[in-house]
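The two chains are supplied separately, each in an independent frame; assemble them into the complex guided by the hints.
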Amino acid sequence: MFMRKEFIETEKIEDFLMHRMDAGERRLFEVNMLLDPSLAEKTEAQAGVYKLVRRFWRKQTRKQLSLIYRQLLKETPFAQQIQ
Amino acid sequence: MKPTEQEILVGIYREAFPAAAQLVKRLGGSLEEAKDVFHDALLIYLERKSMGTLNIQTSVKAYLLGITKILWLRSRDQYLATLPEEVESFIEDEKETTEEKNMLDYLMLAGQKCMQMLKAFYYDQFSLQEIASRFGFSGIRSATVQKHKCLQKIRNEVKKMNVYEEGVH
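Which chain is which? The protein sequence lines are X and W, in order. 11 is the number of the first residue of the first sequence in the numbering used here; add one for each residue after it. 9 is the number of the first residue of the second sequence in the numbering used here; add one for each residue after it.
Everything labelled a hint here was simulated from the structure, so no lab data went into it. A few of these clues could be false.
[As the list claims (entries may be wrong)] Within a straight-line C-alpha distance of at most 30 angstroms, the following computed DSSO-like cross-link-like pairs (lysine-lysine) qualify:
1) W:K43 to X:K22
2) W:K43 to X:K15
3) W:K127 to W:K167
4) W:K69 to X:K15
5) X:K69 to W:K69
6) X:K73 to W:K103
7) X:K61 to W:K69
8) W:K103 to X:K61
9) X:K61 to W:K161
10) W:K167 to W:K43
11) W:K121 to X:K61
12) W:K33 to X:K22
13) X:K22 to W:K127
Isolated chain W (complex conformation) (with noise of 0.2 angstroms):
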């Protein structure tokens, strides 16, 4: 039987967290903080292969080190060569404004529904065949109404907030 997408991720954190922990410690960092920044570059990982622009030379767990590594060295400042792009635009990401963290604060109790569809569209790769029996819509047609319906919503809802002013780039 093919292992589920959640069998795989434990089978990738069992062999690739050990090693990203000793590098952590070797580098002055505690246990706790070694979860912390594998957890950020797995986050990294995972989010390049569900957009679909994942782009590792060598194996899973090179790469988790690799992000591991760069992801440690940079919150202590020692990391002086150019981001790779994966990671600063991570960091970038991260930095959230108290605006940001109040609108999803928000859309978490007026829209929670809609989050969880778009994100399951988005990032954990559902077809809008299963989008639509796991959140109980008719058909495709349906899902895909139900989608754009949700992506209209969350937006009115932004920009009736006014979170994001800045231009698209």
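This is chain X alone, in the form it adopts within the complex (with noise of 0.2 angstroms):
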């Protein structure tokens, strides 16, 4: 069953992540975690994810790119000014 409390949390850990909070926010969700452990837990997994799904982003674009060279090469122009 989708849980709202929870989906609300992880929308809370994103802001705070992503720096959308302001200052006033960001601190009342440092306190949270410092009197909430279990948070802390899931805000530094959390940061975890992001940095998993930015590796594998740059992953795939890396192939991406090189696909992209590997086709400008059949241009003329392009494999002249390389060279």
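Structure representation (structure tokens):
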């Protein structure tokens, strides 16, 4: 079942990690992390998720860039310019 | 007709890479090395663009050439000034531990759909409507719920594997 409370918490963690909170909200969130170790743990793990997604995106994008390079090598002016 | 993101990227590549290749060659690198370092510069550019934190004072080509030069000199220990923030955090992020690599490999098997969806949401900048149609969800609400569930699912995997033990900054 979809849990609204959990949803709000995940969104709040995202706002904190993506620097979308103002100074007051940020301080409150930090205090909440101190009072609730499970929130701190979830926040740490969620930061890990974004890092993994970023790595995944980089891997996929590197493949895409290699394809573009190979495609451009077939264009004579491009191939001549890089020699 | 408006060019697609892919067409724009090919255009940027076509325009900037020859100059980047000449630059790296002048600094003693090969064409292959120039390509690798240029791809890193493009990753920095694209990542910053998708996050809305790109700060370009000149043209995209000049930005890419600047970053390419810094990355190349840095790789040869010849860049002695303070690194721009985007370059420093990119280099830091590229240091992948074995645990992180294993974790990503595992997620590519056990959570590929979630990883694809989160990538589409955060980096490819698809709207929730586009995500819904691309990933076969009934609508925006369903896509929102799935995004949340995916975040939780991967978060639980990260917790289980205990990959990231450092504090949150």
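Right, here's what the structure says about each hint:
no.	hint	verdict
1	W:K43 to X:K22	violated, 40 angstroms
2	W:K43 to X:K15	violated, 47 angstroms
3	W:K127 to W:K167	holds, 20 angstroms
4	W:K69 to X:K15	violated, 46 angstroms
5	X:K69 to W:K69	holds, 23 angstroms
6	X:K73 to W:K103	holds, 19 angstroms
7	X:K61 to W:K69	holds, 27 angstroms
8	W:K103 to X:K61	holds, 12 angstroms
9	X:K61 to W:K161	holds, 15 angstroms
10	W:K167 to W:K43	violated, 37 angstroms
11	W:K121 to X:K61	holds, 17 angstroms
12	W:K33 to X:K22	violated, 48 angstroms
13	X:K22 to W:K127	holds, 19 angstroms
This entry does not satisfy hints 1, 2, 4, 10 and 12, going by the numbered hints stated previously.
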